[in-house]
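Student: Let's have the full structure, built from the sequences with the hints guiding it.
Going line by line, the protein sequences match chains A and B.
Those letters in the first sequence? Residues 7 to 144, by the working numbering.
Those letters in the second sequence? Residues 7 to 144, by the working numbering.
Keep in mind that the hints were calculated from the coordinates and are not lab data.
Any given hint could be a false lead.
To spell it out: a stretch of chain A is covered by chain B in this simulated footprint if at least three of its residues, at any positions, have a beta carbon under 8 angstroms from a beta carbon of chain B; those stretches are [what the hints assert, rightly or not]:
1. 57–69
2. 73–83
3. 121–130
Even for Gly, the Cβ is constructed at its ideal location relative to N, Cα and C.
There are 2 protein chains.
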Amino acid sequence: MTAAPVDVVVHVCTTCRPADGPDAADERPGAILLRMLEDALAARAAAGAPLPVRLAPVACLSVCKRPCTVAATAPDRWTYVWGDLDPATQVDEILDGLARYAASADGIVPWRERPRIFKTGVVARIPPLPGLAPAAAE
Amino acid sequence: MTAAPVDVVVHVCTTCRPADGPDAADERPGAILLRMLEDALAARAAAGAPLPVRLAPVACLSVCKRPCTVAATAPDRWTYVWGDLDPATQVDEILDGLARYAASADGIVPWRERPRIFKTGVVARIPPLPGLAPAAAE
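Tutor: Listed below in structure tokens is the structure:
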């Protein structure tokens, strides 16, 4: 199997659980999100529209109050952390947003091109190393 | 001037302003925090105890509801984002926490060694690239 070019790593918190409810489910929402993203990525690839995205499960992104949570990162790009994601209804919207992220030069997607959940759900963003760009506002 | 070994980049949001108050001050709290961290780092270096930390001002870390905010990062280490930081009272505690971060192997400081503000103020953490470590809990 020949690996496709992969630029963007998307960390998916697999231990995210409901912030305001019991943790009785066999499969936590974060693990469900990972599985559904995997399936949706495979479906897009099978349809001839693969995304340059590699999913990386992670035990905790420390955003426990805003499940589900993912972080997109790549060398020389801003890292973005998004929360409040719903695996039941938002997987396609997440992938659309990740496609925009992957297509950007530096990880910053113009505001009007961001899906709604990537506007309301942003938890933090971190500049790429070495972070030597001067501050734009002081 | 010979550069000292510098491992850790600390992004400091210079546009952080009070979350629940007017923005009337000439110098925003984020800019004050940057200046006070610079001064405190210089003081520690002058006292013979320099920290391997380089401050990098950034216009916005998108944690606007939890000012002030910083992010510590380095190659092959977890990135941590902390908020709720007070430049008036917590600069030494921030530097102590950054020293622990810099001394760690992978950016993860044992819980009991973290200063209080790095326990309560954590906004998010992101694994180092390539993020290939298996999830510790599924």
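Student: With reference to the structure, classify each hint as holding or not holding.
Tutor: Against the structure, the hints:
Figure legend: the segment 57–69 of chain A, annotated as covered by chain B; annotation consistent (8 residues with Cβ-Cβ distances under 8 angstroms, at least 3 required). Closer than 8 angstroms: that is the beta-carbon criterion, and the segment 73–83 of chain A has 5 residues meeting it against chain B, so the requirement of 3 holds. Given a C-beta distance limit of less than 8 angstroms, the hint that chain B covers the segment 121–130 of chain A holds, as 3 residues qualify and 3 suffice.
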